[in-house]
Amino acid sequence: MADIQLTAYNVKTKEKGVPIQDAVVTKTAKGAYMVQGHDGKGNKLTTLCNEEKALAAIKAGIAKQGW
Numbered sequence: 000m001a002d003i004q005l006t007a008y009n010v011k012t013k014e015k016g017v018p019i020q021d022a023v024v025t026k027t028a029k030g031a032y033m034v035q036g037h038d039g040k041g042n043k044l045t046t047l048c049n050e051e052k053a054l055a056a057i058k059a060g061i062a063k064q065g066w
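Residue numbers for the sequence shown follow numbering that gives the first Met the number 0, so the first one is 0 and each next one is one higher.
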């Protein structure tokens, strides 16, 4: 479980694979899982992930459940 890491693309700085801090996982209307957080420098990050990765991150304590 320790190998789970939530990353996103930072639109402002154009960096790929930026780790998400203070992540909150929510479900979209279509049933997808959306992860929202920040990069620690004041930039907001959002990404979509599959159910397996989202639930594993919640179980590991990396992200909070938002539903």
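Rather than coming from a laboratory, the hints here were simulated on the basis of the structure. What you are looking at is a predicted structure, and each value in this text was computed from that prediction instead of being measured. One or more hints might be untrue.
Once the Cα atoms are required to be at most 27 Å apart in a straight line, the calculated DSS-like pairs of lysine-lysine come out as [what the hints assert, rightly or not]: (1) Lys40 x Lys29; (2) Lys52 x Lys26; (3) Lys58 x Lys15; (4) Lys29 x Lys15.
Here are the simulated distance ranges between beta carbons [to be verified]: (5) Lys58 x Lys13: 19 to 25 Å; (6) Trp66 x Lys15: 26 to 32 Å; (7) Gln64 x Lys29: 15 to 21 Å; (8) Ala28 x Asp2: 29 to 35 Å; (9) Lys13 x Leu54: 15 to 21 Å; (10) Leu54 x Thr12: 26 to 32 Å; (11) His37 x Ala59: 16 to 22 Å; (12) Met33 x Lys11: 15 to 21 Å.
Idealized CB from N, CA, C, for every residue including glycine.
Broken hints, by number = Per hint list: 1, 5 and 9 violated.
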